[in-house]
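Here are the chains, one letter per residue:
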Amino acid sequence: MSGFPGAVLALSADGTVLASNGHLEARLGTSLTGRPLAEALDAPSRVRYQRFLERGDAEDGAPWELVFDTGGHVDLLTFHPVAPRPDGAELPRLWLVEHPRDDQAEPLNAELTALNSELVNAQRALGKERTRLARAVAAAEEARARAEAATRRLEALQEVLAAGLRHLDTEALLQDVVGQTMAAFSADGAVLFMRSDDGQALVEGAAAGVIASPGAAPMEIPVGHPVVGRLLEQGEPQLIDDADVARIVPDAPRLSPLRSLMVAPLLPPPGRGGDAMGVLMVGACSAEGSSEGDLDLLRAMTEPIALAVDRARLFFDERAARERADRALALRDEVLGIVSHDLRNPLSAIFMSARALSRRLSDEHARKPIALIRREADRMNRLIADLLEVSRLETKHLFLEPALHPIGPLLTELCERYAAQGAEGVARLECDPDRVETTIYADRERVMQVLDNLVGNARKFTPPEGVIALEIEADEDLVTFSVHDTGPGIPEADLPHLFDRFWQARKTQRGGAGLGLAIAKGIVEAHGGAISVASVEGRGSCFRFTLPRTAAAYDAGAGGRAGSDPQVQR
Amino acid sequence: MSERELHHEYLAAVRAGDRRRAFQVVDALVQRGCTLQTLYLQVFQPTLRDIGQLWERDELTVAQEHLATAITQTAMARLYARFFDACPAPSGPRLVAACPEGERHEIGLRMVCDLLECEGWDTDFVGASVPLESFVALVRERRPEAVALSASISPHVPALAATVAALREAHLPRMPLILVGGRPFLDDPALAAAVGADATARDAEEAARLLAERFDRATSCDPGEDRG
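Read top to bottom, the protein sequences are chains A and B. Under the working numbering, the first residue of the first sequence is numbered 13, with each subsequent residue one higher. Under the working numbering, the first residue of the second sequence is numbered 89, with each subsequent residue one higher.
Check the hints yourself; a few may be wrong.
Said to hold, decoys possible - Incomplete in silico selection of chain A near chain B, CB under 8 angstroms:
#1 A126
#2 E130
#3 N133
#4 Q135
#5 R136
#6 K140
#7 R271
Calculated directly from the structure, the hints in this document are not laboratory data. Just so it is clear, the structure is predicted and the values come from calculations on it, not from any experiment. Beta carbons are placed, not taken as given, at the ideal position from N, Cα and C, and that holds for glycine.
Same shape as in the complex, but just chain B:
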């Protein structure tokens, strides 16, 4: 079975809510040496997009959509034991990622974290719907080089903007680079600047590449650059 066929097989499995079959597909890919990047970007990311479209077209119930998401989350979790051991020891910059209050769609952001972890970043993924104040407190404590926030639909953008504003006003000892992502920013990249973020990315791959480039360059000359 080709990778494309495996992707379709995976999509079929999660659509049917058959996690056993879905895991078999993932295991087969891992077996043939498929990297985490490939799994995330070639299998999970397109599958979840397809599921979302199917839900939009009313071809899937909410329950089915949630089950597909849950299966994919679990498939990711099954990879963690293998994946963290294979990662380089975290020596690069630190990233703290979270979904603002009310936002439950978190898989995309977790993928960004996992991919950066593979590049040697030290990532903390806080999860979905994180209360604003506790998030600011965490950023103050962890002193990350970058913060990533995501919103899946425009109703969640105000909460995200409020989080960015709170970070800007928090008098942090070190102001992190603020990266935002999600559907609304995909539709209108200019929105990123409007909410006060430093950058946006189309997907997990671009976000990882953008941050990696930004900090590779920064670490090679002046670590304090771009972060006033």
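Only chain A is shown next, with the shape it has when bound in the complex:
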């Protein structure tokens, strides 16, 4: 027995020898490490040993004998329980000690106790570390949840932004925005109050969730309300508690289910100035308050909402103004048509009577005023004709009878008419009809009307020593007419208005109703052509217009025209 103070074995849960101090192995003359201990035992010992493994304990207390198949045997004196694994499972370890004498037991037991202490301390450190890790994991989870919440909020903000851009109709905009805001905070209700026209009240513009009540009269809170007024004054989003919600409820009864409320003023967009446009409220039925982060998000939301509301209002105002203007224009044209038409009847009577008078009265004194009556009536007739023309152009009832015409004869007629108006004291017209061989596909009378007007204007403004030149250019589809003059030119500022109705460059020189160029433009455009002007002050002006050269070109132009203007009749 000497030299064999005690054997120590460490066994795994399945009975494999994990480690040993080598004493037993030296005695048995065989290696045990890495082998199941059971394999080294004889049959009866194996049964006892298996029972030990199952129960984790010696059945009948120490010592009991284990006989090895090599013939050697040891007595089990004691085993030391050791700490469980972190998951709670115990790791059975068996400490075998053979024939300990008292003087051997002390150092051996001390060694075992020390080993066990170390194990327990390691267990303690492990437990602490495990807990620390679990907490770190929980903290990471929390951080992830916060990041997710932040992402959700960002998305919510984007939703609100998108809602703001989706609508130009204020009512639909407010409804969408309120719904998105409620969703963003997972709130139970949201409502948007807008300042009334007189600025004295906040009127419900839209509501969602528990606050919504379709068909109900809109709630109204006076701007002087102690809670809401304070908010408007401070201009910052706020958390409102149960007590303050209760103070709003008398004015806004549908807020009564809410226990906590976030309220934010809708400040006018930068640069617009003025008081808050309204108030956005988001609330929950539970008293659990919102966080500072929620207020920040709400603040971030109110800006795009205010912008969108402002934009929708501007759009609405502008559209209303345009509609009013369109209505006024239509009414004017209608009146113009009726009046011009109705004026013709009495004018005819004046003509007839003047003619009858001139036949009956040969008196020199009478003839002069009668001639004046006839001349002025004639002028009035022309004015009325222009007015009718213009109202026809406006109401798209211009009749065209297009046909293929050679331009030469057209120009010849123009030159003859010009000459017939008298060559004394007027500018010379340069035009060579014989050299022009192209055609136009157009309503001949209307084209003559345009040329008469342009050449007539040039004649009116060009001094006698000046020149008016008519040039024709043609390509495959279009014929371009240019009327140049060497008159005083037109100020640049006036150019954009030249073709507007009733507009005259010189308000003081009223030679007509100012309709000539407008009518010319209407006729050219009815043919699918375009008219334009270029001018240099002091050097002259050039009016240029295009007309289709062939039926095919006319149809191509008319096709484009028909798409946008189906009422043009030919």
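Chain A is fixed; fit chain B onto it per the hints.
Structure of chain B alone, referenced to chain A:
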């Protein structure tokens, strides 16, 4: 069974070396909501004292005494999984505790650590018979607010005094409060000052209370107080 009866039952179990029975007693106490403090101070601490007296009276062999200790250590270890999870996250001051070189009796000091851990301290229990130099190095690295050392019998006091002296001379970035405990200091509290310690405590409960009071007060006004 009352708690007192359970204590006796536990003592009987560890005396007999029956860990299975001992664990059952502990489990029963935990089941009825017994706190870690109660288990430590009402069951483990008196039981180990009783075992020590039984050994002194030669009613227990060394082997039996060691087995009783081992069973109790394991019973404590079985509680760790439950106990650390229930502790608040360590946010309070840090304590490093160790038995000086040669000292193997460590359960009392570990109890101090576990109880302080429950109070939110961050405790490192280094264990028994810690070599002096490695302990000083650890204190330098961990920068604890307090250090606890224990000696079970007077022959271990010189090693403890040497550890305190080494800490004092180590030019630590922050000098921790040094608390000492164990039988010799129980018999003569004046010994604590003689070995250069700042304070001593009679048992785990008093040590925990003393440190908790000291640092609760310190953290509420000036964390640097009392630690020059």
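How the hints compare with the structure:
no.	hint	verdict
1	A126	holds (6 angstroms)
2	E130	holds (7 angstroms)
3	N133	holds (4 angstroms)
4	Q135	holds (4 angstroms)
5	R136	holds (6 angstroms)
6	K140	holds (6 angstroms)
7	R271	violated (31 angstroms)
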